[in-house]
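Chemist: First residue of the sequence shown: -11, per the working numbering; consecutive thereafter.
Do not take every clue at face value.
[Unchecked claim] Derived DEER-like restraints, expressed as beta-carbon distance ranges: (1) I21 to T82: 15 to 23 angstroms; (2) T44 to L94: 25 to 33 angstroms; (3) Q(-1) to L94: 21 to 29 angstroms; (4) T114 to V20: 15 to 23 angstroms; (5) L55 to L94: 13 to 21 angstroms; (6) L96 to A41: 37 to 45 angstroms; (7) A112 to L55: 16 to 24 angstroms; (8) H65 to W17: 31 to 39 angstroms.
Please keep in mind that the hints were generated in silico from the structure rather than gathered at the bench. For glycine and all other residues, C-beta sits at the position ideal for the given N, C-alpha and C.
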Amino acid sequence: MDTHPYKKDLQELWKSFLRMFQQNRTVQWTTVISLFFLAITTLLPIWRILPLASETPFIALHYNIYLGVDRLGSIAHIFFLPALGLVFLLVNLTIEAWVYRTQKTLVLFFSAATPFLQFILLCAMTLIVLINV
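Assemble the whole structure, with the sequences as input and the hints as a guide.
Modeler: So, in structure tokens, the structure goes:
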């Protein structure tokens, strides 16, 4: 029976992913830090914004010093930032695993960029929560 043409590529990617995590401490630590920031970015609106859902159907999503609140949205829109953070994390880990054997410097760049992006998203979520509380 023939196997799927991409099955071998996916198996190689998975092996490279496991090898990268076993051999590179930097990737391990930056992934843990990224997951920590992502968890806080997800739990912060659950803790502070969801209790407000019964009081108001809309929340402030953006604040401008000239106009004040200039973007409103439903409670569900608050979870765009954690979803974006998860996509960043998964895409960066996939790219890291894909290029691990050939370009280790690029792996270090992506592994350093991921917690930085997660931290920026956490800061944005913190400011959104502060606007609404």
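Chemist: Range hint 16 to 24 angstroms: satisfied by the CB atoms of A112 and L55?
Modeler: Roughly 18 angstroms apart at Cβ, these two residues keep to the hinted range, so it holds.
Chemist: Taking the Cβ atom of I21 and the Cβ atom of T82, is their distance within the range 15 to 23 angstroms?
Modeler: holds (18 angstroms)
Chemist: Per the hint of 21 to 29 angstroms, is the separation of the Cβ atoms of Q(-1) and L94 within bounds?
Modeler: At roughly 22 angstroms between Cβ atoms, L94 and Q(-1) fall inside 21 to 29 angstroms, so the hint holds.
Chemist: Is the hinted range of 31 to 39 angstroms satisfied by the C-beta distance from H65 to W17?
Modeler: holds (32 angstroms)
Chemist: Is it true that T114 and V20 lie within 15 to 23 angstroms of each other by Cβ?
Modeler: Cβ of T114 to Cβ of V20: about 21 angstroms, so the range 15 to 23 angstroms holds.
Chemist: Between L55 and L94, does the beta-carbon spacing fit 13 to 21 angstroms?
Modeler: violated (41 angstroms)
Chemist: Confirm or reject the claim that T44 and L94 have a C-beta distance inside 25 to 33 angstroms.
Modeler: With Cβ atoms ~45 angstroms apart, the hint is violated.
Chemist: Go ahead and decide if the range 37 to 45 angstroms is satisfied by the Cβ distance of L96 to A41.
Modeler: holds (42 angstroms)
Comparing the model with each earlier hint shows violations of hints 2 and 5; every other hint is respected.
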